[in-house]
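Line by line, the protein sequences give chains A and B. For what it's worth, full-length UniProt numbering labels the leading residue of the first sequence as 1, then goes sequentially. For what it's worth, full-length UniProt numbering labels the leading residue of the second sequence as 1, then goes sequentially.
One should not assume that every hint holds.
Because identical chains cannot be distinguished in the list, a pair is counted as satisfied if it fits within a single copy or across any two copies.
As the list claims (entries may be wrong) - With a straight-line cut-off of 20 Å between C-alpha atoms, the simulated EDC-like cross-links for lysine to aspartate or glutamate are:
1) Lys-435 to Glu-414
2) Lys-405 to Glu-277
3) Lys-476 to Glu-180
4) Lys-554 to Glu-527
5) Lys-522 to Glu-180
6) Lys-476 to Glu-304
7) Lys-522 to Glu-414
8) Lys-405 to Glu-444
9) Lys-12 to Glu-28
10) Lys-442 to Glu-277
11) Lys-442 to Glu-414
12) Lys-558 to Glu-523
13) Lys-530 to Asp-126
14) Lys-394 to Asp-126
15) Lys-394 to Glu-520
16) Lys-476 to Asp-177
17) Lys-167 to Glu-493
18) Lys-554 to Glu-414
Hints listed in this document are in silico derivations from the structure and should not be mistaken for laboratory results. Please read these numbers as outputs of a predicted model, since none were measured by experiment.
Number of protein chains: 2
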Amino acid sequence: MSTHPQTEPPWKAIALRKQASRIKALHEPPSTSITVPHHLLPHDPPTPNHGPEPVHHIPNQLLSAQDLTITSLSIPDLLAAIRAGTYTTTSVTTAYIRRASIAQQLTNCLTEPLFTRALAQAAVLDRDFANGGVLRGPLHGLPVSIKDGFNIAGYDSSIGLASLCFKPATANAPLVDLLESLGCIIIAKTNIPQTLASLDSVNNVFGRTYNPFNRLLTAGGSSGGEGVLVAMRGSAIGFGTDIGGSIRVPAMCNGVYGVKPSVGRVPFGGQQLTGVEGMSRTSVQAVAGPIARSMEDIECVMRELVPRASLFGEDCVPWNSEWMGVPLARDPGTARHKFRGSGPNGEFVIGVLRSDGNCQLLPPIARVMDEVSGALRTAGSKMNVRVVELPTPKAWTKAQSVMSKLMGVDGGAEMSRMLLGTEEPLVPWMSTRFKHGGKAQKLERVAEIQAQRAQLEREMLRDVWGVSIDEFGRKKRGVDAIICPLASHPVPEIERYNAVGYTSSWVLFDYPAGCVPVRELKESDLEIGKPLDTSLDVLGSWDEKSRELWDESKTDRKVYQNSTLSVQCVTSRLEDEKLAYVMALVDEAVKGVQAREAKL
Amino acid sequence: MSTHPQTEPPWKAIALRKQASRIKALHEPPSTSITVPHHLLPHDPPTPNHGPEPVHHIPNQLLSAQDLTITSLSIPDLLAAIRAGTYTTTSVTTAYIRRASIAQQLTNCLTEPLFTRALAQAAVLDRDFANGGVLRGPLHGLPVSIKDGFNIAGYDSSIGLASLCFKPATANAPLVDLLESLGCIIIAKTNIPQTLASLDSVNNVFGRTYNPFNRLLTAGGSSGGEGVLVAMRGSAIGFGTDIGGSIRVPAMCNGVYGVKPSVGRVPFGGQQLTGVEGMSRTSVQAVAGPIARSMEDIECVMRELVPRASLFGEDCVPWNSEWMGVPLARDPGTARHKFRGSGPNGEFVIGVLRSDGNCQLLPPIARVMDEVSGALRTAGSKMNVRVVELPTPKAWTKAQSVMSKLMGVDGGAEMSRMLLGTEEPLVPWMSTRFKHGGKAQKLERVAEIQAQRAQLEREMLRDVWGVSIDEFGRKKRGVDAIICPLASHPVPEIERYNAVGYTSSWVLFDYPAGCVPVRELKESDLEIGKPLDTSLDVLGSWDEKSRELWDESKTDRKVYQNSTLSVQCVTSRLEDEKLAYVMALVDEAVKGVQAREAKL
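Could you build all of it, start to finish, from the sequences and the hints given here?
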């Protein structure tokens with residue numbers, strides 16, 4: 001569509017210049033980065049088709065013993081070590097920067113390396129700490145990464161679009177100010193998909209982010225760079241955003257933990273948007289949240305962040321009680337009694353949801369759901385947990401379509417303008433899904449969709465949260481939390497992720513939801529469903545596409561090796577502390593966290 | 001605009017039929033209602049111009065000693081008396097019905113008397129209680145009223161529009177189910193203005209509701225019937241809705257307490273709307289909340305209602321801690337330490353806001369603000385309170401206009417359709433303010449207004465809530481609550497209420513806000529500002545109109561006799577428990593509640 005067919009479209013030169021400046025930032029200051037030896041690099045130069053060889057272990061071959069120790073500590077242990085003077089913030093920041101640099105070279109997960117800025121801040125923290133042990137905040141010295149869209153004054157928030165490159169932000173996002181006020185050091189911004197509306201993190205400016213466990217599989221998106229960097233231990237914790245599943249899906253794809261809170265827990269403002277400002281308040285709001293390697297790490301950070309959020313973000317609600325996520329395995333005695341559940345004897349009642357009615361579960365997903373619900377049942381009396389199977393609520397089935405309509409109300413007009421401004425083409429996956437020339441819906445139509453949403457919310461209240469009757473004939477909650485799949489399929493190949501209803505629905509309802517990695521997919525998992533059970537009804541075109549992912553005539557199942565099977569936990573609106581609790585319960589019941597820890 | 005100029009427009013016959021059915025319901029069952037003797041009736045038949053003679057005392061001349069006692073008890077004492085067997089629910093319900101019936105004849109505050117339904121429910125409660133002391137719920141036997149818009153199965157929610165008469169609701173609103181599950185008896189629905197978008201409760205179907213203290217003054221709106229019925233002690237507590245001030249303004253006009261909670265505290269659904277369903281989710285949501293005669297009464301009901309709200313309304317948030325409104329005067333020892341305030345020594349910091357920058361305060365309002373802030377300063381050390389004067393934040397000044405744009409995004413198209421369907425004319429006040437043929441705004445325009453709103457929210461966070469810095473250089477809240485006027489003027493004459501920015505802004509920001517009556521307006525108040533101080537800048541056309549209300553060439557100030565001066569309390573989003581606390585603090589400091597109690 002170039003108006004100058006003879007010349008290069010403007011986006012190309014911009015993208016090349018941006019890539020050059022990223023390389024410069026990656027090696028600056030020179031002492032902190034490590035160049036991956038050529039023979040270890042899985043791609044030279046990056047090509048779209050790599051093999052399944054994992055790269056996540058390569059940093060271990062390159063880093064010093066101290067850097068390895070630092071980047072292996074849990075967040076509570078790391079913070080304690082800094083406070084004890086065992087490590088300076090500079091040495092911690094340097095170790096993480098080295099690892100992030102290696103991760104970048106192996107997986108292409110960064111957009112803006114902030115190494116120079118991070119080390120300058122680390123020096124200030126070290127100076128203050130040396131002067132009488134002054135701490136910047138409760139997370140003094142913690143290396144953190146954030147998704148590219150969050151503004152940092154002086155740096156781009158290009159979200160992979162040429163038209164937004166070299167237009168540095170003039171102010172920090174509230175989340176950035178909040179993290180830094182707590183003592184965090186932000187070491188990098190991370191890669192995302194073009195338009196932010198897909199689950200493969202690829203764009204024309206920065207290219208594709210690869211899955212470090214199997215580069216044939218997707219790294220997920222839209223917070224794909226976060227999922228990868230955290231899994232590579234290139235940052236201690238990362239913050240992404242989620243509307244269709246953009247925190248939980250990359251967590252699932254990279255075998256880490258991801259939490260999409262309720263609206264209002266983590267400041268969302270100060271981001272580069274893909275549409276006009278204010279549009280999300282007419283339709284549906286994305287949410288910011290953490291990706292990390294354990295519930296303990298998430299708990300340690302959120303406990304400090306959430307109660308202060310409403311001082312920084314006008315979109316945040318106050319939090320009067322403690323953020324109650326609990327590392328059960330470490331503290332089994334106290335944690336479990338924090339919630340009196342809805343069961344007759346105060347049991348914490350967990351409802352199991354399986355198929356969402358749009359896609360049948362593929363065999364490995366059905367199996368892991370059996371394993372997790374079985375483990376919870378087994379651990380039930382010890383944990384004071386009760387597990388109940390729930391029928392698929394019709395409202396959940398309908399939610400995927402209502403959510404999809406609501407996410408699309410602006411017609412992509414602003415995104416279109418940004419792309420066409422530099423004659424930037426759509427990436428292949430988007431080319432069949434994004435249409436230029438779209439228009440915003442009429443307000444009456446948006447109201448109609450909002451009314452459908454309200455109706456589904458009422459049905460969920462009635463059909464899922466159960467609402468049983470107490471001894472006085474009064475309503476009480478029937479279920480405290482839900483476990484369900486994150487998708488009908490395992491971590492799929494690049495550009496084959498199918499249907500987001502399993503994750504997007506919980507944003508429509510504004511229910512907090514999180515990804516808990518359970519275990520690695522095993523050889524034996526590949527044998528189940530041979531031949532594929534054809535007795536199950538095909539539920540529609542989404543289901544048909546989903547089946548292809550386990551159908552041996554369409555997919556070589558071997559491609560799934562080295563991927564992780566995960567489960568999703570969900571609670572009711574603003575019950576974020578219950579979400580952290582149930583994620584920790586699942587974690588303890590299945591001990592999936594240990595399997596993953598052992599692997600890294 | 002009738003298409004049949006020879007015949008009556010359809011709305012007239014409908015309105016007459018509806019009025020007849022209201023009279024029937026008022027006298028049914030016959031034993032419970034009292035017909036006001038002709039000589040006591042202030043109007044026969046109602047005419048638009050009545051005198052200033054108060055009618056609020058008339059029920060005292062007609063009721064039995066027992067009915068007077070029952071309708072004079074505080075809610076905690078009433079509930080205790082029912083539980084002790086001193087009064088049956090039937091006798092309590094009957095007493096309140098008698099009083100409501102008198103109130104209706106004197107002020108025209110009811111739309112749907114529910115006397116027969118209420119007595120049938122009371123009989124069931126009495127039967128269960130007689131059978132082993134079974135209580136329906138913690139509010140067993142409490143007589144309650146609700147604004148006309150809330151659906152009750154089998155009864156109209158006509159909101160005063162002919163086109164909605166004789167179309168009974170098929171299901172209860174969640175708030176109705178919630179109140180009844182707690183043991184409340186709903187005895188009546190109450191009157192509102194045509195379109196719900198004005199502050200005088202008058203419509204073509206039910207006519208005008210009158211202020212019982214001075215029938216030349218407005219009764220307020222849109223929950224005008226609630227304000228009047230509660231002030232007349234015709235129900236123990238009422239529930240209205242508020243978007244521009246529709247709970248707080250009638251509370252102010254009738255000298256009672258009104259709380260507009262944050263969105264999500266009280267179920268809002270199941271109401272007859274004035275626009276299409278779902279529209280409020282694109283723009284701004286009205287809120288449901290209580291009107292009552294004391295903070296103690298509000299506290300007693302909200303403590304039970306709020307924690308259960310999310311089981312009934314899909315629009316409600318969970319509430320993990322107690323609703324902490326505190327009747328300080330009764331329990332001074334414990335209450336005041338529930339909040340550690342933001343002051344250096346844990347003082348509860350109250351910021352004083354005066355003019356909103358759109359209308360200067362008229363002399364009696366400036367005086368009552370001085371009195372209240374002075375009383376708080378005097379009581380300060382005893383109450384551990386600190387009072388600080390705040391400069392007018394620019395965002396507050398701008399909020400009135402942004403809120404007005406946001407409330408009007410649907411262009412009144414649906415309301416227009418409902419009016420034209422029966423050829424119903426606009427009431428005089430609306431006729432210059434409502435335009436037929438309006439259209440919904442474009443979605444992009446609504447997004448633009450929402451972005452303006454978000455910007456104002458950020459400014460309020462920065463400029464009002466203060467955000468001071470703690471010993472670690474971290475942000476902390478600077479102010480715990482605000483006190484400000486409810487309007488620039490005292491309770492005005494019918495159809496002279498001017499500008500709603502003092503109340504509507506807090507809905508734009510979703511800050512909880514409430515009305516505390518302070519004291520009666522005195523003869524001596526009428527003398528201040530003689531001649532009117534003309535040195536203050538005229539801030540604009542709203543200000544000009546406001547000044548006319550104290551300008552002796554435009555208004556005979558004597559008209560304000562028997563009205564109450566009130567103050568507004570405001571806290572930050574979802575800090576509803578702090579709102580109840582600061583309202584109780586103000587109440588204790590000024591003892592305004594006692595002045596009002598003595599008067600009734």
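Do the hints match the structure? See the list:
no.	hint	in the structure
1	Lys-435 to Glu-414	within (12 Å within a copy, 33 Å between copies)
2	Lys-405 to Glu-277	both (19 Å within a copy, 17 Å between copies)
3	Lys-476 to Glu-180	between (41 Å within a copy, 15 Å between copies)
4	Lys-554 to Glu-527	within (16 Å within a copy, 90 Å between copies)
5	Lys-522 to Glu-180	neither (41 Å within a copy, 55 Å between copies)
6	Lys-476 to Glu-304	between (31 Å within a copy, 13 Å between copies)
7	Lys-522 to Glu-414	neither (44 Å within a copy, 59 Å between copies)
8	Lys-405 to Glu-444	both (14 Å within a copy, 16 Å between copies)
9	Lys-12 to Glu-28	neither (25 Å within a copy, 81 Å between copies)
10	Lys-442 to Glu-277	both (17 Å within a copy, 15 Å between copies)
11	Lys-442 to Glu-414	both (16 Å within a copy, 15 Å between copies)
12	Lys-558 to Glu-523	within (8 Å within a copy, 90 Å between copies)
13	Lys-530 to Asp-126	neither (59 Å within a copy, 66 Å between copies)
14	Lys-394 to Asp-126	neither (56 Å within a copy, 40 Å between copies)
15	Lys-394 to Glu-520	neither (32 Å within a copy, 56 Å between copies)
16	Lys-476 to Asp-177	between (40 Å within a copy, 13 Å between copies)
17	Lys-167 to Glu-493	neither (34 Å within a copy, 57 Å between copies)
18	Lys-554 to Glu-414	neither (37 Å within a copy, 53 Å between copies)
Hint compliance for this structure: hints 5, 7, 9, 13, 14, 15, 17, 18 are broken, all remaining hints hold.
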